[in-house]
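I would like the entire structure built from these sequences, with the hints used as guidance.
6 protein chains.
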Amino acid sequence: MSSKKIYDYQVNEDLALFVLIKAADVRSAKNGKKFISFTFADRSGEISAKFWNASEHEISEFQPGKVVLLKGKRENYQGNPQIKILHLRLATEFEPNDSSLYLRQAPVSFEKMESEINQTVFEIINPNWNRIVRYLLNKNHAAFFKYPAAKKNHHAFAGGLAYHTLSMLRLARAVAKQYPVINASLLYAGTILHDMGKTIELSGPTATTYTLAGNLIGHIVLIDEQIVEACHQLRISENQEDVLLLRHLILAHHGLLEYGSPVRPHILEAEVLHQIDQLDASIQMLSGVLHHTEPGQFSEKIFGMDGRNFFRPSEDLKDPSKK
Amino acid sequence: MSSKKIYDYQVNEDLALFVLIKAADVRSAKNGKKFISFTFADRSGEISAKFWNASEHEISEFQPGKVVLLKGKRENYQGNPQIKILHLRLATEFEPNDSSLYLRQAPVSFEKMESEINQTVFEIINPNWNRIVRYLLNKNHAAFFKYPAAKKNHHAFAGGLAYHTLSMLRLARAVAKQYPVINASLLYAGTILHDMGKTIELSGPTATTYTLAGNLIGHIVLIDEQIVEACHQLRISENQEDVLLLRHLILAHHGLLEYGSPVRPHILEAEVLHQIDQLDASIQMLSGVLHHTEPGQFSEKIFGMDGRNFFRPSEDLKDPSKK
Amino acid sequence: MSSKKIYDYQVNEDLALFVLIKAADVRSAKNGKKFISFTFADRSGEISAKFWNASEHEISEFQPGKVVLLKGKRENYQGNPQIKILHLRLATEFEPNDSSLYLRQAPVSFEKMESEINQTVFEIINPNWNRIVRYLLNKNHAAFFKYPAAKKNHHAFAGGLAYHTLSMLRLARAVAKQYPVINASLLYAGTILHDMGKTIELSGPTATTYTLAGNLIGHIVLIDEQIVEACHQLRISENQEDVLLLRHLILAHHGLLEYGSPVRPHILEAEVLHQIDQLDASIQMLSGVLHHTEPGQFSEKIFGMDGRNFFRPSEDLKDPSKK
Amino acid sequence: MSSKKIYDYQVNEDLALFVLIKAADVRSAKNGKKFISFTFADRSGEISAKFWNASEHEISEFQPGKVVLLKGKRENYQGNPQIKILHLRLATEFEPNDSSLYLRQAPVSFEKMESEINQTVFEIINPNWNRIVRYLLNKNHAAFFKYPAAKKNHHAFAGGLAYHTLSMLRLARAVAKQYPVINASLLYAGTILHDMGKTIELSGPTATTYTLAGNLIGHIVLIDEQIVEACHQLRISENQEDVLLLRHLILAHHGLLEYGSPVRPHILEAEVLHQIDQLDASIQMLSGVLHHTEPGQFSEKIFGMDGRNFFRPSEDLKDPSKK
Amino acid sequence: MSSKKIYDYQVNEDLALFVLIKAADVRSAKNGKKFISFTFADRSGEISAKFWNASEHEISEFQPGKVVLLKGKRENYQGNPQIKILHLRLATEFEPNDSSLYLRQAPVSFEKMESEINQTVFEIINPNWNRIVRYLLNKNHAAFFKYPAAKKNHHAFAGGLAYHTLSMLRLARAVAKQYPVINASLLYAGTILHDMGKTIELSGPTATTYTLAGNLIGHIVLIDEQIVEACHQLRISENQEDVLLLRHLILAHHGLLEYGSPVRPHILEAEVLHQIDQLDASIQMLSGVLHHTEPGQFSEKIFGMDGRNFFRPSEDLKDPSKK
Amino acid sequence: MSSKKIYDYQVNEDLALFVLIKAADVRSAKNGKKFISFTFADRSGEISAKFWNASEHEISEFQPGKVVLLKGKRENYQGNPQIKILHLRLATEFEPNDSSLYLRQAPVSFEKMESEINQTVFEIINPNWNRIVRYLLNKNHAAFFKYPAAKKNHHAFAGGLAYHTLSMLRLARAVAKQYPVINASLLYAGTILHDMGKTIELSGPTATTYTLAGNLIGHIVLIDEQIVEACHQLRISENQEDVLLLRHLILAHHGLLEYGSPVRPHILEAEVLHQIDQLDASIQMLSGVLHHTEPGQFSEKIFGMDGRNFFRPSEDLKDPSKK
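Residue numbers (UniProt numbering), protein chains in the order written: chain A, 1 to 323; chain B, 1 to 323; chain C, 1 to 323; chain D, 1 to 323; chain E, 1 to 323; chain F, 1 to 323.
Quick caveat, the hints were computed from the structure, so don't treat them as lab data. Some hints here could point you the wrong way.
Identical chains share a label here; the pair holds if one copy fits it or two copies do between them.
Only pairs whose alpha carbons sit at most 25 Å apart, straight line, appear in this in silico DSS-like list of lysine-lysine [as the list claims (entries may be wrong)]:
hint, residue 1, residue 2
1, LYS71, LYS84
2, LYS33, LYS84
3, LYS177, LYS318
4, LYS34, LYS84
5, LYS322, LYS66
6, LYS4, LYS66
7, LYS50, LYS5
8, LYS112, LYS50
9, LYS66, LYS33
10, LYS33, LYS50
11, LYS71, LYS322
12, LYS34, LYS139
13, LYS4, LYS71
14, LYS177, LYS112
Written out as structure tokens, the structure is:
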């Protein structure tokens, strides 16, 4: 079997490869028989497929999270790729059946992300911000480096939360260096914590859903509550100015009340945090979409960009300074 | 001196009475001389007045919070009442110079409010909700019964916060009784706590301003943080369903994200809490405005009611069932 | 045959019972054959089902309004209940074939609703309001107690219009009692009339549609026109203040121009009428939705609540003070 | 005394002429003395002026509606014209003291407007529409030809209502002729009636204010009620299709719910009526504003045009085909 | 074969006629086989149809732009007309296979449109406007008289762009004649040019799509750029007032920024141009929709009219003055 | 005379210094006398002052653009600084009377800005983008380095346009380096040209107003037209893909139609250009406002930031890594 991934096959090419079942919805066809609507995934992306006339046994076997050997043909359905399934079976214990092998990963290793983020913590000079950040980074360590940043849209992959944070820290560093008016420590502290509440809001890196706390409270308030609790543990007064500033950065980082922030930004660093959050999220989202768009074509309409579609320029206009 | 209050005088009537200086802004007239723009208050309401050619001594003497003997004439300026000052001096120690005598008060006594609210706490059957409410009512006791519910608009008087809460509890009781689907304990607990964060958001009952925490965090999140802290003190898990429901009621009570709630209501009692909050606030606000509007006339435009003006019907259409 | 209703069956349970055909849309399957998409109903609720390969005879027989004996199995399709039809035939003359037995009803009897509403009319002290209300209640009597309050969403059942009115009168009574500033007579008169135009706007209790007058004029203006006509009949001047106030309550009761009121509320009782209308409609709508939601789960998204879904708390958090 | 009108004088030119007092607001200056803020008018337009140190006698004498002899100088105050008053006295009985001589008038005579509108009534072929229009034109005859179409903005002059109606009828004729799909009778009937409710909404041609019915009901519903009443008088069923269509035209003519129509246009003629209403109002409003703007300059911001200012092109670009 | 057109057949009537393939989307059915979703057209309108089990040969043969002989039956599917295909083959060379015979056409001939537009150019008195209009009319002559005015909605037929322009010129003439304040030359010049950029924005009269320039620049800016270029060619300064006025008319003609105009109208003629554009587009769009709606029924919801549906009155209410 | 600037004086401190008259509005006081409302400026900022009882000679002498010797006292008026004028005279020819000495300047020298921008032009690899940028930079050279970026708000100082461009280029470089997907050449070209139309839209660096072209066309379209013209001069086809992309960047850079872009961003670099424009403008605007706000206080409400006020943290929280 070749080492090709699911997105390496051309339309109408036969394929045979191991993939992860990301989703498996059972439905009734109009003839009354059951079928499974699959989403298969490996690290090259996700593709959907229909499995007709599924037996009860097959339905119970082909569950999300399982690795399967998929044989079939890559097709196109109304402009979107799909797989025509010819044969499907579970991977055996002697085959590559570890689901984590098929999950999309952040493009930077866990160790590198951790080291670069820790490096930035050293640059947080204010002792209260520094201690709070370290306390919460420690407390939520495992989930923080494993969780995606979202169910779908931007950074929806394992490690996506840390990668989004890291990417924003790089932007934050460039901006803080360019403009003397910005308090770098405050901006770094806010950046590291701003989305950490997603470790409570979301259920984890696979089959990601919203928790009850996520639905009823939301990640913005969830991490704010943890900051206040961290203050109690660290015997820092939660009402002193620097702590209020940090909480304000977290609470205001969606920028607009309509986007779920209970307050709008009222300090400079809060406004900047909001804008670099948007900038990184937009570039990451468009980067993923354009990767799957043909040169010279428009993409599908993108929900997270107000339903706009984006044009991918022709190959001969590519930036020659980039590899 | 008669016992008339400031709103008892007719236009063009001479007056002499003790009043509280609520605000005293020093400005420069076009002739270069200083004048003080006063807001005088007693329990009948507030009226503005200008004090021309103020000396430095007078400016330092006539500070907000002082009680003064005011002699002058009640006039009308562009449809609004004002006082023409003929004479002004501080009240002496032998005169009624206690500022609290001139502050508008809730129409129900502190003792009665406390007793009726405590009575409702008994009806909160769920033990976690009951303990959290009692803990926070105890912790914020003094401020809760003394603070206004707002800087201006509705319930902007001493005790206004408790009075607004009490008034909503009465509505909550009627609604919970009428609709079996409503969980009364949850609705009562949410009602008592929903605005308690204003004891941190606002500076106090006189010369009320927003604190830094009020401006940067807001009363909704401030009390939510206290609920989480109360859970820690009371060894209640902050993530169990009943605690999430209660926090959700508080966080969602402004109804819309645009009004500063970080989540919209997603349980029935949260929706009801939001609506009875609006209902009580509207009636209280209109009640105050119509009290100062002539029968058969429209009021000024009311900022808190989207800039609408309201008509006060003629006296002969008054509800004969009300005294 | 058991006395179970359609919503009493579990998923995958076989069923056999009499139900009403609420809707029967004939469509073409992809194989070119016709099928009927049914909505079956009894007093426990409504469930959809597909009837494959329908003959012309069956299409002509299974019309909305007919009672049928349905044999099949309760299934689940993409989270929504549906019925797999195994056998279907019309009810005979010796079976319970009266369609009214299967229509959802207001939870209060017609007699009780009429008596309680009449009781309130006695409390309308202003003679003009009293006479107008009695005139129109009399004129529209039959339809008023039989019609639903809407095509779908809240109070979409036989008698729903009167039940919604009654429920609001109970709220109106509680509110009028609590706040002395409210004119109870005006609020009661406005409440009784506010939705009476729906007797012209809608076609009736079964297979409810909008009439041409409903589509081109709307229920708000339709009942306002009747008030003016009532004045002519009763020789009350339509331009005197009390009549203007009552018409204003009706015209303004949707609260916002965007919701179809030609004027926004400009008297206190109009604002209150609008708000208790919303409160009753919301609770009634959520009550129905949560009834069909599993404890511990979120409901479907509800169109009439801005597309929000609502969480039904676990059973062990139920209000113990309610049966 | 010259026959110059108030807008014929240059800045800094001395003036002496008879004018009408359109408004006279008494205020207190900062020195405590009273002054009158006048709006003077003649048929060339309106200009404001301040009358300092007004005595009680002068205040009682210089009332709105009086004609006065004004001597002073035309000045400019922050870009707006104003008059510096040097002398002011009431016109005597031997001088031109009839207020109607100073009111702006529609540019077409009453007789011509009446004749042209009546001519159009003949072209309304549907007998019900024809009879309703004639009935209401007759009933509201005096006010219809005397009232302005608004308090300010477009057509705010005596006869403005009839003139606006006439101007729209001319547009309606051109449009109906160009597009065969339009029912001319319906469009003419709707045009004649669409704003007739302003004869109840407004108080009259001088010192125009909103009546209580105008504030609480609004001109759209007020004329709709009269159409229904006309049907009763003329024994036309109010619920037959042609009457519903006509009422729909009136109710929908503001186009959007936000602009106070209780329904949006749902028939072609209703949409056209709305659009030609807007077209005539815009041209009339801009026509008035540009008349007082210097060539080559932008006008003030115009409230009725969403706050936009408009540019008046240079004189040498004038349309040479117009005189 | 009869000369009936596709919209002349009744539901369930057998049909056999030549039609144009307007669109042909190939899809996979749930059984895995391919089918073609056709849109057939002739001058009576467009109807969709499904062609099941399409072979690769048939897919390659039945391309958009081809004329076919269609045999089948007219049916109704969920309220919309559709064709059940019984037989389909390409038209031979001896049959009427010219696609232009089946395209909807403007109701006025090309020659008549050209002559009437040219006539209006003579009435543009300002020499710069006149020369620019003639230059661009000449430059874009072929496309201008052949293109539709839109992909769908109003004027989506061959010659639609010129017909829309002509229709607006007729309105412009009526309006300019009625209101002396309007500069007719400017309004005519703006009208002729306002949508000419669509000859670059759209791909042509058949199988109309947006070009890359259309998607990235838009027709408003595309024609503005051509005006500036025309000035260079004609040695007219692009910055003199009259040229700025004309460019402003074009740029502002969508009326609102939200509709894609980079500036809002700030001269009278720009406002008028915007409004008559809307008026003609609305009437044309509704005219088409109502033509396919049964008398006494509501149409489908119309996307281009904010999703409103429109009522077509009964036949006996038709305007008797129109044939 | 000391070398103190106008913002170096404390409240109530006497001052004597040369300043520039930035604005001088003549108004009438309530006593009928004229006064001049001045805005004085030097490089520390702008302060207003009133000059009472101005003679005609003084009015003609004290024109905007003149340098004057100002003696007076710095005061505070309703929270804003103002000057009480004691003496005022024009600067003589022997005194520092060159107005450019008093204009705020970009914090980077003209030479340094020019060199850094030219350096970036070298990095634009695509030859068409490179040639167009160089052509237009050359054509508009003088104005580009002298003009402000706005009348008020951000970068409203001499050289502000080039400084804003330079500052964005620095951000663009950081972003392009961090994300491989970005075409750096395109982003740099778009950044340099995006606001260059302001050299036509605005009148110049002193007494900045909008030109007629600025008001009627706007800077976005004005520079787009120049790009097309540059193509003609350089014999580059205006319709090839790379030119369309560059024009799209310019046209879309306001991000939303509501902000005046005729198209929204539909390529990645256009979205990024829009976001870094916003980021630089926000930081620059806040930087200026916070500079004049006391530590520990909130600023005035800032129009360009949706009316939000911003908090300046206490001095002891300053970033210790910045000087």
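Hint by hint, here is what the structure shows:
In this assembly of identical chains, LYS71 and LYS84 lie within 25 Å of each other by CA distance solely inside one copy; the values are 9 Å within and 33 Å between copies. Within a single copy, LYS33 and LYS84 get their C-alpha atoms as close as 18 Å, and across copies as close as 12 Å, so both meet the 25 Å cut-off. Taking the shortest Cα distances, LYS177 and LYS318 sit within 25 Å of each other only across copies (15 Å), while inside one copy they are farther apart (30 Å). In this assembly of identical chains, the alpha carbons of LYS34 and LYS84 lie at most 25 Å apart whether taken from the same copy (17 Å) or from different copies (13 Å).
Taking the shortest alpha-carbon separations for LYS322 and LYS66, neither the intra-copy value of 38 Å nor the inter-copy value of 46 Å comes in at or below 25 Å. Only within a single protomer do LYS4 and LYS66 lie at most 25 Å apart by alpha-carbon distance; the minimum there is 19 Å, versus 41 Å between protomers. For the homomeric pair LYS50 and LYS5, the shortest alpha-carbon distance inside one copy (19 Å) is at most 25 Å, but the shortest distance between copies (36 Å) is not. Proximity of LYS112 and LYS50 under a CA criterion of 25 Å is satisfied in neither setting, with 39 Å inside one chain copy and 56 Å between copies.
In this assembly of identical chains, LYS66 and LYS33 lie within 25 Å of each other by CA distance solely inside one copy; the values are 23 Å within and 29 Å between copies. In this assembly of identical chains, the alpha carbons of LYS33 and LYS50 lie at most 25 Å apart whether taken from the same copy (13 Å) or from different copies (14 Å). When the C-alpha separation of LYS71 and LYS322 is checked against a cutoff of 25 Å, the pair qualifies neither within a copy, at 36 Å, nor between copies, at 58 Å. In this assembly of identical chains, the alpha carbons of LYS34 and LYS139 never lie at most 25 Å apart, being 45 Å within a copy and 55 Å across copies at closest.
Taking the shortest alpha-carbon separations for LYS4 and LYS71, only the intra-copy value of 13 Å comes in at or below 25 Å, while the best inter-copy value is 48 Å. In this assembly of identical chains, LYS177 and LYS112 lie within 25 Å of each other by CA distance both inside one copy and across copies; the values are 23 Å within and 19 Å between.
Consistency with the previously given hints fails for numbers 5, 8, 11, 12, ordered from lowest to highest.
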